[in-house]
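Protein chains in written order, with our numbering: chain A, 1 to 461; chain B, 462 to 956.
Simulated from the structure, these hints should not be mistaken for lab results. Check the hints yourself; a few may be wrong.
[As the list claims (entries may be wrong)] The calculated lysine to any residue pairs, modelled on SDA-like cross-linking and capped at a C-alpha distance of 20 Å, are:
{"hint": "1", "chain 1": "A", "residue 1": "374", "chain 2": "B", "residue 2": "888"}
{"hint": "2", "chain 1": "A", "residue 1": "374", "chain 2": "A", "residue 2": "364"}
{"hint": "3", "chain 1": "B", "residue 1": "713", "chain 2": "B", "residue 2": "750"}
{"hint": "4", "chain 1": "B", "residue 1": "713", "chain 2": "B", "residue 2": "743"}
{"hint": "5", "chain 1": "B", "residue 1": "713", "chain 2": "B", "residue 2": "748"}
{"hint": "6", "chain 1": "B", "residue 1": "713", "chain 2": "B", "residue 2": "832"}
{"hint": "7", "chain 1": "A", "residue 1": "374", "chain 2": "B", "residue 2": "747"}
{"hint": "8", "chain 1": "A", "residue 1": "374", "chain 2": "B", "residue 2": "890"}
{"hint": "9", "chain 1": "A", "residue 1": "374", "chain 2": "B", "residue 2": "891"}
{"hint": "10", "chain 1": "A", "residue 1": "374", "chain 2": "A", "residue 2": "363"}
{"hint": "11", "chain 1": "B", "residue 1": "713", "chain 2": "B", "residue 2": "664"}
{"hint": "12", "chain 1": "B", "residue 1": "713", "chain 2": "B", "residue 2": "751"}
{"hint": "13", "chain 1": "B", "residue 1": "713", "chain 2": "B", "residue 2": "583"}
{"hint": "14", "chain 1": "B", "residue 1": "713", "chain 2": "B", "residue 2": "682"}
{"hint": "15", "chain 1": "B", "residue 1": "713", "chain 2": "B", "residue 2": "749"}
{"hint": "16", "chain 1": "B", "residue 1": "713", "chain 2": "B", "residue 2": "746"}
{"hint": "17", "chain 1": "A", "residue 1": "374", "chain 2": "B", "residue 2": "892"}
{"hint": "18", "chain 1": "A", "residue 1": "374", "chain 2": "B", "residue 2": "887"}
{"hint": "19", "chain 1": "B", "residue 1": "713", "chain 2": "B", "residue 2": "724"}
{"hint": "20", "chain 1": "A", "residue 1": "374", "chain 2": "B", "residue 2": "626"}
{"hint": "21", "chain 1": "B", "residue 1": "713", "chain 2": "B", "residue 2": "587"}
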Amino acid sequence: MGRDTPLYNVRANRGGRILSSHVLCVPLLALATLAASGAAAQPQLDELRLIAPAAPGGGWDQTARVMQQVLQRTGIVTTPVVENVPGAAGTIGLARFVGAERGNGDVLLVSGLIMLGGIVTYDSPVTLADAVPIARLTGEYEALAVPAASPFRSLEDLLAAFREHPESISWGGGSVGGSDQILAGLIAAAVGVEPRRVNYIGYSGGGEALSAVLGGQVSVGVNGLAEFAAQVDGGTLRVLAVSSAERLPGVDAPTLRERGVDVEFENWRSILAPPGITADERARLAATVDAMVRTSEWRDMLARYRWLDRYLPGDEFAAFASAEERRVRVVLRDLGASAAPGEASTFDPYATFVLTGLALFGVAAAVVVRRERKGAVASGALAWRPLALIGAGAALHVLLADSLGFIVAAALLFWLAARAFDARHPGRDLAYALCVAVGSYALFDYALELPLPAGVLGAWL
Amino acid sequence: MGTFEGLSYGFASALTVNNLLWALLGTTLGTAIGVLPGIGPALTVAVLLPVTFGLDPVSAFIMFGGIYYGAMYGGSTTSILLNTPGETGAIATAIDGHQMALQGRGAAALTTAAVGSFVAGTLATLALALFAPALASVALEFGPAEYFALALLAFSAVAALLGASLVRGLFSLFLGLALGLVGIDQLTGQARFSFGIPQLLDGIDVVILVIGLFAVGETLHQAARPRRDEGGPVRLTSFMGMSREDWSRSWKAWLRGTAIGFPLGVLPMGGSVIPTFLSYFAEKRLSAHPEEFGHGAIEGVAGPEAANNASTAGVLVPLLTLGVPSSATAAILLAAFQQYGLQPGPLLFSTRPDLVWTLIASLFVGNVMLLVLNLPLVGIWARVMLLPRPLLFGGVLVLASLGVYTLNRSLLDVGLLYVVGALGLGMRVLDVPLVPAVLGLVLGPMAEQQFRRAIAISDGDLSVFVTRPISAALLASAALLLVGPMLLGRWRRQR
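Excised from the complex, chain A in its bound form (with noise of 0.2 Å):
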């Protein structure tokens, strides 16, 4: 077992985060020059974050569990931590990641060309510039799939069809507004096809895209090469084209530019650091990271993943991101998935139908309600005094948890209710109170290393 496996490990001293970043860092950065000009040696951090914006299991949680597993094996950082704040193709991650996380110097955002996705389809008013690039890490190649049983035989007979009659073709690949739908839409926009005819079929995991693949209900799959690589070997699918520049080694598939499709893609992963920091601090940051993509442990990772070494450093980074971000807008919006806020609102039937059907039954209900209760005992009316202590319990807890931070406005919320419940024992309730905060946040925050706010007694914890 790992030595200090996060399960494990108590973070010994948070609290000195600031510490670290602050007065430490001086003499960690002059060791980190030193060592660089050196040999062997290696910059030591204590403890980095890295926040993958999206929910266990996707690429990006894997990018940060493979960062954290390689910075923990060859000890260059003592305590990766993973965290995951999903929602909204990444944008949620960075919008709290450029707000909550400003300055400070111990913590990565994960991010990538799906982002961009994002952002441009959701109209983020946070964009990937509003946070310090530090290096652009991997990349994939996307591929198009068909299963072996396909009548399309080539890229030549697919294309031919689309021609024909776009909306007749389906491609089935992830989410709306990702890489593969963009790919798609360049592919059209190279065969003279215009993008918003584009059948895309969006799913929402990379399994439930690979079955509809698989299955035949889609006429061709669009998604990263690695994702279909096992049914590849087992002859299962059919790659039609691949979209590297050149022929891939091991792959038997032309690349789309062989075959008269003027279009080179890949989908490229990337970290960045929160805005507010330092100089030395990003400095610190990059050389970790720098340190990291040379260790042989990164390089194996690479290959188990089938990941492309993609590594770009700070600056070039940065002018990489802005040109991909502007390609990406051009994309979506001839996609026509890009939001849109001033178009007028289509007619939608399904949420009618709801909204209607809602409406109906709940003055349905309603008279129901109120026939039954004429005729009946009057029933006992709720008792509001409790109702009111467990509503200013919870109204507190929420407005207070950022500020005073989880453990005051938890003991809060369970004193407030205990007391709805039973006035009685106020201290009894109060000792109770404080003993499950404390120990609930002492599980979450060191044990599961899942942090709650630490607020005022985060000098303390």
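Starting from the known structure of chain A, fit chain B onto it as the hints suggest.
Showing chain B alone in chain A's frame:
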């Protein structure tokens, strides 16, 4: 390697003292963390995976098996005791499980959940070992039309059981459907009813709705009820678990739950809501005591728990034979397998039979460990209900907040939890059933998306729903479920 040869090889490599210890550790950790509300199986497995780094593949798989089944099982404990299901698979369990706990029969509920999980897990793992490749190819026949038909079937199961409270039930259902409208439209990427709040773009998490309606709503109701003499602490009727009658009522439910849960788990659709609720409805329909459902019927715990665990094993079928992860948990397992050079997919059973059969054998071992670990704990857990009510309900609220916060680390979600809690209080006071709202939230978006997906793929042709045989058969059974009882009643009257 044939199936039996493979299994015996797998057991030979799994059954060493060392590996049994790893299995015990994995199950213990999986259960312990799975018990915490808001930490679903996916997060549990992700948090625990680093523990297995550095182990040899066989020991690591043994631990995976324990962690996976442990995490899936853990959710039922809080569901039964605190009415706080931490993940979707444990929602159905809460309905009758918590009522049993309130009546002092918490130990029996926990026991039937543990034994049911064991029975279902073992049978389903056996089915996995015997039929995996064949099942996977049937699962691939399910396209958008079939999923839409499946959603309609589930809707008609709900409607068929509303019975007397039809108007209230439909109101509740439409409330859930309306909540399901919130968020990004998966097919166009456009936001609906999210009112410019970014946290609402991904919709309202069903866990928030469930914990709000069930746990918070129940707490408010208990607090606001005019004082009656039944307000005293719960008296435990049994520390030892199930009575003879409990056993005889449970075992059929376990088997039926397995039969419903496993095939539905194999479908790459993800989610354990449909299998658990179909099992619940089947039990209610077939029971000799349908009036007890909602008031502590043991079949209402036994069936869904078995269905949940069986579908958990079913998820491994597409994962191992196709490399298709149909849930977040499966996606994490997939990544973990790849670390050990195991590439799930059509070739897996022929290229690495040693690892596959070891994994399958470890699942059996993990299941046994789960039972060994949890049965002795049942009596201890059941004593939670003896806490004085102020402390019990204070704890429920703190755990509910914590669980919801950990989902997305958003305080907005916690605020939403209490709004839903107030709604739950209102529904309880007016006798509006809660379950239809939960199913509306889960099934509504599924039905809408799959319907539109089917239409988009067929380029606007509505006939796909009846020309595809599986879809047509599912739609026919949905219709039968709605109209059947009426026709049957008329036929009986005529005789």
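Out of the numbered hints, which ones does the structure contradict? 7, 11 and 14
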